[in-house]
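Undergrad: Now for the letters of each chain:
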Amino acid sequence: MLKALLLLLLIPPVFGQTKPVELRIAAAADLQPVLEVLGPAYEKKSNVHLAVSYAASSVLATQIISAGPGGPFDTFMGADFVFPEKVVAANLADTGSPIPYAKGTLVLWTRNGSPFNPLHLSALESPTLKSLAIADPEHAPYGRAAAEALKRLKLDDKVKDHLVRAENVGQAGQFAFTGNAELAIISKTLAVSPKFKQSGTFVLFPFSSYTPLTQTAVVLRNAARRDAAHAFLDWFLSREVQQQLPELGLTPVN
Amino acid sequence: MDLDALWLTFRLALTTTAILLCVGLPLAAWLAYGQSRLRPLVQALVALPLVLPPTVLGFYLLVLLGPTTAFGRVITATLGHPLAFSFTGLLIGSLLYSLPFAIQPLVSGMVAIAPELREAAATLGARPSVVFVRVTMPLIRPSLLTAGILTFTHTVGEFGVVLMLGGNIPGATRTLSIALYDEVADFNFAAANRTALLLLVFSFVSLLLVHWRAGQRSTRLV
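Listed in order, the protein sequences are those of chains A and B.
Its first residue numbered 1, the first sequence is counted upward by one per residue in this note's numbering.
Its first residue numbered 1, the second sequence is counted upward by one per residue in this note's numbering.
Calculated from the structure, these hints are not laboratory results.
Since no wrong hints were added, every one of them can be taken at face value.
Calculated lysine to any residue pairs in the SDA-like style (CA-CA distance at most 20 angstroms, straight line): (1) A:K158 x B:H81; (2) A:K44 x A:D227; (3) A:K195 x B:V63; (4) A:K195 x B:F59; (5) A:K130 x B:G80; (6) A:K130 x A:D161; (7) A:K160 x B:F87; (8) A:K160 x B:G171.
Bound conformation, chain A alone:
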């Protein structure tokens, strides 16, 4: 009797469906609202579970490079070309150059009920402006684009004393979303996400005012789930997904 019970314990607990593969993604903060929509769709059609860590691109690149070949991530989806390229240069990627997967758009956002409504870029010249949140220009691509756009539009001197630097673009959005900052320069991906859409309005920056935000990804050379990572990126680059990107605030790359 006891023997029979012990044998029962040895039988593998899972029948039928095999355990999903866990794909570890290091993703730029602007992708959070995008992957929250696309992730579950991918998980439904494949036997893959996505474990995504969001942060500023440079923070992720530093972590990946510091961890070296034994790091935890399978793929790194940055918000530009620069930081994934650093991973390539550190000889940790499995391609010779980063893979472009989308283009980002920079917007100015404010809450409903803000005195800057109806929102226009001229709000940045307003003498009553007290706080403008941007992502950190040194470690977040959207922050760099924001600083560049302000400079090219000759607004940098006007907003200089009101700048609040967030750790990444998500935090820049959160500063304005909570009303602590009056305006924020964020990614369109955040601005069109349900919460931000409901609570505020946005206007685009002219595309000529910043270097295009070509968002690229790398698969890590020693990743445990390299094939799954490539399969996911291929799916992201498929016509079906690329066509869906505009409604999520990104522009398709092909």
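Starting from the structure of chain A, add chain B where the hints point.
TA: The following block gives chain B in isolation, referenced to the frame of chain A:
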């Protein structure tokens, strides 16, 4: 070395320590000698920042005290700006965050005083305030120093609250711990090394001072 960050961190830690020692003395006396039934409640509240993630504090300061709530609007109107992104905001965060480090050494110092000493002074006609200033205060001087050093050091080491609330403004909210975080993220390891070493040496020397003095005291007593 980011000198702005160094100076700001010093100002923040010094202001926090000064305020907490002033507020801390009467509060610690109440906790050490009081008979109120509310005492456990206040003790728990004071100790709370020891165990609470700083992000909890950051979240409440940012959202509940932010301009989208009625209470936050009162604060914003009074200060002329929201708590976030300002020295005042960081100061309030630091006061809450470092509170137990000021109170607990003071309370243990006060409890350790033999009750006879205070009773003797009282029987000789000294009013409670006189007993406090002339008997208790001189006897808790070592605890006062420990409380001061720990509060100062702990405030220098603050990170989570500042990251959530600060907005990284040079000279206003960019403290040394934030500067270090930025230097690491920017691959500027040489600068990160200098900042990290400064923080390490400073913290070690401060704690050494606390323990060295504590050691001296115990040998003297034995």
